[in-house]
Amino acid sequence: MQRLPLTDLPRVLIEAGYKSPTYRRLYELAVSARIPAKRGANGRWTFAVDDLPQIADALGLSDLAA
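Under the working numbering, the residues of the sequence shown are numbered 228 to 293, in order.
Please keep in mind that the hints were generated in silico from the structure rather than gathered at the bench. A quick note: this is a predicted structure, and the numbers were derived from the prediction, not measured. The beta-carbon is built from N, C-alpha and C at its ideal position, and this holds for glycine as well. Where hints are given, some of them may not hold.
Said to hold, decoys possible - Label pairs and their in silico Cβ distance ranges:
| id | residue 1 | residue 2 | range |
| --- | --- | --- | --- |
| 1 | Q229 | Y250 | 17 to 25 Å |
| 2 | W272 | K246 | 16 to 24 Å |
| 3 | P232 | R261 | 12 to 20 Å |
| 4 | S289 | A268 | 30 to 38 Å |
| 5 | Y250 | Q281 | 14 to 22 Å |
| 6 | E255 | V276 | 17 to 25 Å |
| 7 | P280 | V258 | 17 to 25 Å |
| 8 | D284 | R251 | 15 to 23 Å |
| 9 | A275 | R252 | 14 to 22 Å |
| 10 | R261 | Q229 | 16 to 24 Å |
Please construct the entire structure, taking both the sequences and the accompanying hints into account.
The following block contains the structure:
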């Protein structure tokens with residue numbers, strides 16, 4: 228399972244066809260455990276690419292292509 232920094236999440240959502248909230252909003256949601264994300268020992272937040280559909284659903288995002 229590939230993990231990426233949370234800072235990449237807005238770009239990954241857009242590339243997957245979703246309209247993304249701001250990074251700041253995504254960070255707040257990660258910290259409050261509203262989206263699946265993990266904080267590493269270095270203090271940085273990451274997300275699993277495989278969790279993208281679950282993240283989009285938690286955010287109430289719809290696929291732009293639909």
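Results of checking the hints against the structure:
Distance hint check: the CB atoms of Q229 and Y250 are about 19 Å apart, consistent with the given range 17 to 25 Å. Against the hinted window of 16 to 24 Å, the Cβ-Cβ separation of W272 and K246 comes to about 21 Å, which satisfies the hint. Between P232 and R261 the beta carbon distance is about 18 Å. The supplied range of 12 to 20 Å therefore holds. Checked against the given bound of 30 to 38 Å, the beta carbons of S289 and A268, roughly 35 Å apart, stay inside it.
For the hinted restraint 14 to 22 Å between Y250 and Q281, the CB-CB distance of approximately 19 Å keeps it satisfied. The hint said 17 to 25 Å for the Cβ distance between E255 and V276, and at roughly 21 Å that hint holds. A C-beta distance of roughly 21 Å is found between P280 and V258, which places it inside the suggested range of 17 to 25 Å. Between D284 and R251 the Cβ separation comes to about 21 Å, which falls inside the hinted range of 15 to 23 Å.
Between A275 and R252, the C-beta spacing of about 19 Å keeps the proposed range 14 to 22 Å intact. For R261 and Q229, the Cβ-Cβ distance of about 22 Å falls inside the hinted range of 16 to 24 Å, so the restraint holds.
The structure shown violates none of the earlier numbered hints.
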